[in-house]
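Sequence order for the protein chains is R and X. Each residue of the first sequence is one higher than the one before, counting from 720 in my numbering. Each residue of the second sequence is one higher than the one before, counting from 47 in my numbering.
FYI, nobody ran anything at the bench for these hints, they're computed from the structure. A portion of the hints provided could be inaccurate.
[To be verified] Residues from chain X that keep clear of chain R, each with C-beta distances beyond 10 Å, as calculated:
| # | residue |
| --- | --- |
| 1 | 159 |
| 2 | 194 |
| 3 | 226 |
| 4 | 320 |
[Claimed, not checked] Derived lysine-lysine pairs resembling DSS-like cross-links, with alpha carbons at most 27 Å apart:
| # | chain 1 | residue 1 | chain 2 | residue 2 |
| --- | --- | --- | --- | --- |
| 5 | X | 133 | X | 222 |
| 6 | X | 330 | R | 851 |
| 7 | X | 259 | X | 140 |
| 8 | X | 133 | R | 851 |
| 9 | X | 129 | R | 849 |
Quick caveat, the model's predicted, so the values are computed rather than measured. Using N, Cα and C, we set each Cβ at its ideal position, and we do this for glycine too.
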Amino acid sequence: MESERKKRKLLTLAALLISGGLLLLFTFIFDSYQLRIVNLCGIYITLGLSLNLIYGFTGLFSLGHAGFMAVGAYTTALLTMPPQLKEMNFFLEPIVPWLANTEWSFLPALLMGGTLAAVVGFLIGAPVLKLKDDYLAIATLGFAEIIRIVFTNTQNITNGPLGLKGLPPYTTIWWSWGIAFVSILFMVYLFKGSYGRAFIAIREDEVAAETMGINLFRHKILSFTIGSFMAGVGGGLLAHLMGTIDPLMFRFMLTFNILLVVVLGGMGSISGSVIAAIVITVLMEYLRFLDGPMNFGLFKTNGIPGMRMVIFSIMLMFVILFFQRGLMGNRELSWDFLFRKKKTLNDAVEGD
Amino acid sequence: MSFEIFLQHFSNALSLGSLYALIAIGYTMVYGILRLINFAHGDIFMLGAYFAFYALTTFLMPWWVGFIVAIGLTAVIGMSIEKVAYKPLRDSPKVSVLISAIGVSFLIESLGVVVFGGIQKAFPIPDIFGQVVVLGNISIVSVNFFIPVIAFFCLVFLMYLVNFTKTGMAMRALSKDHETARLMAIDVDRIISYTFGLGSLLAAVGGIMWGMKYPQLYPLMGLMPGLKCFIAAVVGGIGNITGAVIGGLVIGFIEIMTVAFMPSLSGYRDAFAFILLIIILLVKPSGLMGENLTEKV
């Protein structure tokens, strides 16, 4: 058994190295457009995992993710923007003095964005987490909308509907995927420990979990706050990848995209979320040809904008109706398939 | 604020509130029976407005024929959505159906962008609804009179249907207990289908009148009213028709009156409904009319 564990560790390490090598390779062979997609994949992994933690593992159906992302994105952006850039952006109404001259480097700004998102998540979660299912969904959706509306109206802090333009492009593959790997490792270790188990217990049956001595409120709020933190960090990364943010970006549609990752990947599966994040991001870009002119041989279309989203939502409906458990269900990818045969043999010997 | 201006705001709030009420009824009826937030309801509302637009502009129908055709079509679409997207999931966890509903809403919106085009369209207002009526110092567009009246008649019709017909009785039975209702020889699927049809019909009426009150149509126009009307249903006590009407009126009045009395808050107009929702959920989650279980549909 000891050697098996060691082997698994080695295999994991090898897989990490190989993905790192692949990413390094991508930076050389891909053009900036393709690199952007690779970046998006990494960010969507973090975001998908954050919602999976809240919804897939703890069973709290929250639709407020876009709100937390907005908090993270705006915080990070405002902290990293150089003063001259702020002056250029805030031409309608000058920025509040205490923000005018801050210029942080990327990592502390990202962490600050995540922290503020977590604080907002905590403040929202404390009152609404006693609600269930659809009520929770609509309450969190409401909060996300309120955040967006507040951001639209606070002209001297967020620049209102004009948004922030020309953000420094800090998000590189190493940032987006580095944070994605940290998130994956964090999730794996979380669900090996007692907290992760408690989250799953709450998802399965709240009453039973409470009877076993799990403090429902504390665990729910913990899961919600951690999820918001990750969403905030993801939002910050996204902001510095896009270069431009405005309140309209953080509408319900964005939450929906992340929900897709969780549902397609399988609720409560870390590897499912990772695979789904990559598949969805790449597919979204690949299907872009649907919006352009097409030649069907017999007839030609001269580009139908929006066709991509139609095909995409039909595919989604198909998955929801026929593959309800998503790609992975709640299973995980692991090295078991390499060891399974040997294990059963050993078991058989021991059984004898 | 002079009395005349107040009256003007009042009629505006009353017509907006009635529209909210009409749409909220659809949410509350579906929730009462299936315990499902029909996320696509706001998009059905949008379809109603667009169908009326095409009936009047492309097919050049007289306005009343066009409106009836649009309402009928929307009801059929509402029923088909239930058949395709919700019925196969009847035994699945609640959240799966909710996700399916979100998916349908997304699909209708993106189809709307493709079929109707993303550019705003101007709704052709029939003369009778577009006149400006001058009463002393106040001038009100006639559609603001018609909306509450039409909404009232719809409501009377609905109340009659729910309380005094066999179908209505079956709906009320379903909202209590599906199994028992089935044992009483109620065709559950058919009644659910009727409920969706009825809700979509009211949403179409709401959509057409919305198009005459705010004459720009765009594929995402159902999003915000849809959310607000769901909130109206929750505020009034979900599953309760009278509650939905009260909730709709409350939200309509809060929105118009707050902006009227405090113009500096006009940017936050869309947030009021959500703030109200959160207060209600925390203070009285069953809604204003929550205890009144006898009228549950």
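Checked against the structure, which of the hints given earlier come out wrong? Violated hints: 1, 4, 7, 9; rest satisfied.
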